[in-house]
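Participant: The chain contents come next:
Number of protein chains: 2
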Amino acid sequence: MLKTILTLITLLTLTPCIAAESSDNWRKVSSENIVVIALPQGNVFLELAPTFAPKHVARFKQLVRDGFYDNEHFYRVIDGFVAQAGPKDGSAKDKKVPPLLIEEEIITPENWSFTLVQNKDMFAPQTGFKQGFSVGYSAKENKAWLLHCPGVIAMARESAPNTGTSHFYITIGQATRYLDRIMTIFGRVILGMEHVQAIKRTAVSEGQPEVDSAQYTQIKSVNIMADLPKEEQFTILVENTDNALYAKKITQKRLRDNPFFYKKQPPILDICQSTIKTKVM
Amino acid sequence: MLKTILTLITLLTLTPCIAAESSDNWRKVSSENIVVIALPQGNVFLELAPTFAPKHVARFKQLVRDGFYDNEHFYRVIDGFVAQAGPKDGSAKDKKVPPLLIEEEIITPENWSFTLVQNKDMFAPQTGFKQGFSVGYSAKENKAWLLHCPGVIAMARESAPNTGTSHFYITIGQATRYLDRIMTIFGRVILGMEHVQAIKRTAVSEGQPEVDSAQYTQIKSVNIMADLPKEEQFTILVENTDNALYAKKITQKRLRDNPFFYKKQPPILDICQSTIKTKVM
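Protein chains in written order, with the numbering used here: chain A, 9 to 289; chain B, 9 to 289.
Only chain A is shown next, with the shape it has when bound in the complex:
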């Protein structure tokens, strides 16, 4: 006897009509494009998004390879919002990194395509997936941009747009979509999100004792997967979002054709609630 809405997840993710597992269903993520953040509670794996934010990806990889983030802390962590890390504000280390031009959206070439998830999203004309990332798209503007769904990594900045340097945040709560197109997202967590969720919160509710900075979660190290010793490397596959199979899966999710949905729900998919599966080998 299963008294669980969670059978649901199986029902929504199993897609019996789709052809059997094939290599086309999964995409191997290049080890050059995987960042491994080692935290005391476990390792977090991110896929970088050079198509959308090439300069930020290059910057981040360089800083990672310089050991820039090793032993730094998550110093602003607000439950339901973001976990932010970087060097001490105003320190020599902080100031030596020059600002970057923001990469908040891309101009889409003529034949640009993506897997549509939803029309008339509240924050974007269209949403969908491109290369395993959640995107917004405006055909009128010929522009696409990455979305602030849970688990994306983006560059923090000051008030002016082109002021991001090295401080980054990972989104840990309900999608902060009002930050779309004004921040540079440059990757997303593909494995180990539970370890991000376990980062020590530094902001407390009014009336609660202040959190001692000695308790902040420290980053043990950050590495590019390709740079790790061979025995520590492994293969990460993510669902291939850019083909007809995946598009069909989206359509089936939207239908919710299952007795659990005893009343018909609006045929809407929230792009940020439409997760992409990961598999390790």
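Heads up, some of the hints might be wrong.
Same chains, same label: a pair holds when it works inside one copy or across any pair of copies.
Cut-off 30 angstroms, straight-line C-alpha distance, at most; resulting in silico cross-link-like pairs (BS3-like, lysine-lysine) [what the hints assert, rightly or not]:
#1 K63 - K101
#2 K128 - K69
#3 K104 - K63
#4 K104 - K128
#5 K261 - K285
#6 K228 - K272
#7 K69 - K271
#8 K103 - K228
#9 K104 - K271
#10 K103 - K261
#11 K208 - K128
#12 K101 - K69
#13 K151 - K238
#14 K128 - K271
#15 K101 - K151
#16 K208 - K285
#17 K285 - K96
#18 K228 - K261
#19 K271 - K103
#20 K261 - K148
#21 K148 - K272
Everything labelled a hint here was simulated from the structure, so no lab data went into it.
Given chain A, put chain B in place with the hints provided.
Facilitator: Chain B only, in chain A's frame:
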């Protein structure tokens, strides 16, 4: 030098135009209406919602007072989705609790009012706050319902609607709004959500080793705040969402009138990203 998008949260939550702090800004939650779930990592405090789900609140309080959940486990925990707890499926303890009629929405009386947050939400004609809870509202149907924002507690069930008994889930990721109006939400976390987020995940990605059930997070105890020894009780205040001051705050949030928003964003508020503050005394 602050290189942080997090100044933002201050900017969005400070509302200098609004009259100084007054008792009307905060609502004291009745200790009869607060559930305290003691987890190894810390205590989680929930406010119950008897206006929306009276029978489920009564059932839950009775089970809590019977010690029903003490020493039970969170046995299905999926990152970004839900943390679900209850007795062993099919056990005598499980089977002795009779099913409840679903309380998925209420019929609103003639003069029913709420604080509007958004028109034409993708899943509801209108969204807003009522008594500190996120609600959907249909004027046409004269109905209101609680929303699956992060941190709500709801009764799990089988496929048929009226099959919920004692198993509950707390939402821990992007709002699962497709479950609105087909599940009974009966409360929400008002303090300690970070401890919910630290509950051990029981579902793993394909290719990862299965999680041993010995690692599941155990509930130490569940109590009604009013039943705790006097020295363990304290006062929890939540923002009063049902007055003109709060409505004004919503309007200001929507405007994003701050240089950080160097490009104008759509004037949209996601109800599930519009958090309500909590203060302890």
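Participant: For each hint, tell me whether it holds in the structure or not.
Facilitator: Here's how the hints hold up against the structure:
1. In this homomeric assembly, K63 and K101 come within 30 angstroms of each other (Cα to Cα) only inside a single copy, at 20 angstroms, whereas the closest approach across copies is 58 angstroms.
2. Proximity of K128 and K69 under a CA criterion of 30 angstroms is satisfied in neither setting, with 35 angstroms inside one chain copy and 42 angstroms between copies.
3. Taking identical chains as interchangeable, the C-alpha atoms of K104 and K63 lie at most 30 angstroms apart only when both belong to the same chain, with a minimum of 17 angstroms there against 61 angstroms between chains.
4. Taking the shortest alpha-carbon separations for K104 and K128, neither the intra-copy value of 43 angstroms nor the inter-copy value of 47 angstroms comes in at or below 30 angstroms.
5. For the identical chains of this complex, K261 and K285 are intra-copy neighbours only, at 14 angstroms inside a copy versus 34 angstroms across copies, given an alpha-carbon limit of 30 angstroms.
6. Proximity of K228 and K272 under a CA criterion of 30 angstroms is satisfied in neither setting, with 48 angstroms inside one chain copy and 38 angstroms between copies.
7. For the identical chains of this complex, K69 and K271 are inter-copy neighbours only, at 28 angstroms across copies versus 48 angstroms inside a copy, given an alpha-carbon limit of 30 angstroms.
8. Taking the closest pair of Cα atoms, K103 and K228 come within 30 angstroms of each other only inside a single copy of the chain (22 angstroms); across copies the shortest separation is 47 angstroms, beyond that limit.
9. Taking the shortest alpha-carbon separations for K104 and K271, only the inter-copy value of 28 angstroms comes in at or below 30 angstroms, while the best intra-copy value is 58 angstroms.
10. When the C-alpha separation of K103 and K261 is checked against a cutoff of 30 angstroms, the pair qualifies neither within a copy, at 47 angstroms, nor between copies, at 32 angstroms.
11. For a Cα distance limit of 30 angstroms, the shortest separation of K208 from K128 qualifies neither inside one copy, at 37 angstroms, nor across copies, at 36 angstroms.
12. Taking CA atoms no more than 30 angstroms apart as the test, K101 paired with K69 passes inside one copy only; the shortest distance there is 17 angstroms, against 54 angstroms between copies.
13. In this homomeric assembly, K151 and K238 never come within 30 angstroms of each other (Cα to Cα): the closest approach is 39 angstroms inside a single copy and 59 angstroms across copies.
14. Taking CA atoms no more than 30 angstroms apart as the test, K128 paired with K271 passes in both settings, with 23 angstroms inside one copy and 20 angstroms between copies.
15. For the homomeric pair K101 and K151, neither the shortest alpha-carbon distance inside one copy (35 angstroms) nor that between copies (57 angstroms) is at most 30 angstroms.
16. Both within a single protomer and between protomers do K208 and K285 lie at most 30 angstroms apart by alpha-carbon distance, with minima of 26 angstroms and 19 angstroms respectively.
17. For a Cα distance limit of 30 angstroms, the shortest separation of K285 from K96 across copies, 28 angstroms, qualifies, whereas the shortest one inside one copy, 36 angstroms, does not.
18. With identical chains, the CA atoms of K228 and K261 are never at most 30 angstroms apart, being 39 angstroms at best within one copy and 37 angstroms at best between copies.
19. In the homo-oligomer, the alpha carbons of K271 and K103 lie at most 30 angstroms apart only across protomers (26 angstroms), although the nearest pairing inside one protomer, at 57 angstroms, exceeds that limit.
20. In this assembly of identical chains, the alpha carbons of K261 and K148 lie at most 30 angstroms apart whether taken from the same copy (28 angstroms) or from different copies (28 angstroms).
21. For a Cα distance limit of 30 angstroms, the shortest separation of K148 from K272 across copies, 17 angstroms, qualifies, whereas the shortest one inside one copy, 33 angstroms, does not.
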